[in-house]
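Visitor: Take a look at the letters that make up each chain.
There are 2 protein chains.
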Amino acid sequence: MNPAAKPQPNDDVIVRAHGGGGEMMGRLISDHIVSALGNQTLNALTDGAVLPCNGKHIVMTTDSYVVQPLEFPGGDIGRLAVCGTVNDLAVMGGRPIGLSLGLIIEEGFRLDRLDRILDSIAKAAREASVEIVTGDTKVIENVRGDGLFINTAGVAELDERARLGFDQIRPGDAILINGNLGDHGIAIMSVRDGLEFETTLRSDAAPLNAMIGDLLSSGVAIRFMRDATRGGLAGVLADISDRAGFGIELSELALPRDPHTRAAAEMLGFDLLAVANEGKVLLVVADSDAERCVDIMREHDTGRRSARIGRVVASNPPLVELVTEHGGRRIVQRPYGEELPRIC
Amino acid sequence: MNPAAKPQPNDDVIVRAHGGGGEMMGRLISDHIVSALGNQTLNALTDGAVLPCNGKHIVMTTDSYVVQPLEFPGGDIGRLAVCGTVNDLAVMGGRPIGLSLGLIIEEGFRLDRLDRILDSIAKAAREASVEIVTGDTKVIENVRGDGLFINTAGVAELDERARLGFDQIRPGDAILINGNLGDHGIAIMSVRDGLEFETTLRSDAAPLNAMIGDLLSSGVAIRFMRDATRGGLAGVLADISDRAGFGIELSELALPRDPHTRAAAEMLGFDLLAVANEGKVLLVVADSDAERCVDIMREHDTGRRSARIGRVVASNPPLVELVTEHGGRRIVQRPYGEELPRIC
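Chains as they are written, first to last, in my numbering: chain G, 1 to 344; chain B, 1 to 344.
Possibly wrong hints are sitting among the right ones.
Stated by the list, open to error - Within a straight-line C-alpha distance of at most 30 Å, the following computed DSS-like cross-link-like pairs (lysine-lysine) qualify:
| # | chain 1 | residue 1 | chain 2 | residue 2 |
| --- | --- | --- | --- | --- |
| 1 | B | K56 | G | K56 |
| 2 | G | K123 | B | K123 |
| 3 | B | K56 | G | K123 |
Note that these hints are calculated values from the structure, not bench results. Being a predicted model, the structure only gives us computed values, none of them experimental.
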């Protein structure tokens, strides 16, 4: 940094909320990243890019992982990296054909710990039936003590049957989810805070490509899919209402939630709708195919608690509304910043 | 880290040399990464993976960038990231079709500095005729003060005419390089040390895909290509002699070297053969096509100082030998660790 530079006001620097999957992050991406690098593919701001390749199409995606702690109940940074990238490909209609692995490791990091995380990467990749095909390793000085950052990128063949996108969504479509909300974020937070229910809470990190592949093969009319990571379900639903221009009506009674996760979230003061998941996909499907979708999803371990949780409505302005357990209504807003930092 | 853990001997932890592109890094990759994750594609340990895709093949590669300082004469971390990934695809015979961009940014990082680096990424991508098609952004706490790490992954369509690999190399083949050795590493080091010739030394970071594409289109018999980044030319030549099983004879008189870079390297005590480049490709080509290759390369700005610098020989054991300016011979060894840390 230039030592002669004057101190700058806070809005001229990166702050934590720029990484949280909410409004601040949206502005960073649109006003800085897309404005510098924008092109038709990047501007779509989907979970992955669809590219023409060898006469057909591929999907490409990337994610970096900076989670703390590196190991937590139900997973670790390595499992997270594989699942996150596989899921981003799958929700775009891609069949993963290869992942890359970029490791940034601090000096002093223990090799036995690295081996545990590498074994976890190998296990998650086997679960997802995908291979790590190329990689890169960098070593940095030990200053932070964080130990390890991981980037995974992924490539998939596009299932050419898939017709997915915000523009496919119609009023009356059903909203589905494949299980409990917020288990990942709350598991991480409970470890950090040393909460006593630490042992019963587990991250949901899991590869969803087998379940999603079955849905696509079955020919059900899926309009849109997205994994509800940073920003949680609320973030995905806000994107849908913004980009599709329709409202969403959610039923609180229908939301699958683990009672321990729910209790922990209440104690910690978090709204499970805004908490990150790592093994949850939100689907928008034709109402007539909703039950069939739920049946197919429930055949998979990753979808046992699948449920229809709401529907698309032609409201103006397009709002996301939650019908509460008590029959009231509240507006679900896009999370502003980062409710839980370093969650993925 | 577990506070109860006993202190471990040094060989149980990551040290800086694990990231240097030399012997230590080779052992980290083979004994830990490949042993956990290995498969036929990864085990090839080439600059990128060749994968079947949509009935033909693609190339996939990844690199993380942790260079310090982030901005330096001739480039910055953004330009480096684009060039490095494009070049890894090109040396595998790939025509790049898309790059991903993963940013890990520290809180407090200035947005105007981020904008400069994003503009540099955009400029390098235009030079390489490739787009950033997907990305990810994470924010971490400001502890280190490093500011920014970048990962780029890339995908390319494989030029199916290319027949590249260690197994294609034969005694008698010519060794070519597209210009001066070590400009990148020495430029970085001179900035760090505040050397007075700082202003005349510039990184060579440049995308080489146009030049390499012309070579492939021309039908010349290229056996093998690799960009000589970490570990420098010595690292690439050591890989060739190990994997192809032949010796290499280099002519010191033929090596293109900038006089300022050479003077700085001598002052700093570095061997230019082992210093990182970011715009240099080493080629092994059929002897009969060597002059034609050099002519094609010299038509490009990135290849003006291309030269034939040596040949493959059937020596036993397979050694890399340098015929010095004075007619003597010395063995060129694989660099052990990291001569210049955080160079890319």
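Visitor: For each hint, tell me whether it holds in the structure or not.
Guide: These are the hints, each one checked on the structure:
Between K56 (chain B) and K56 (chain G) the CA atoms are separated by roughly 10 Å; this keeps the pair inside 30 Å, and the hint holds. For the proposed pair K123 (chain G) and K123 (chain B), the alpha carbon gap of about 40 Å is over 30 Å, so the pair is violated. Restraint check for K56 (chain B) and K123 (chain G): satisfied, since their Cα atoms lie roughly 28 Å apart, inside the 30 Å limit.
Going down the numbered hints, you'll see the structure goes against just number 2.
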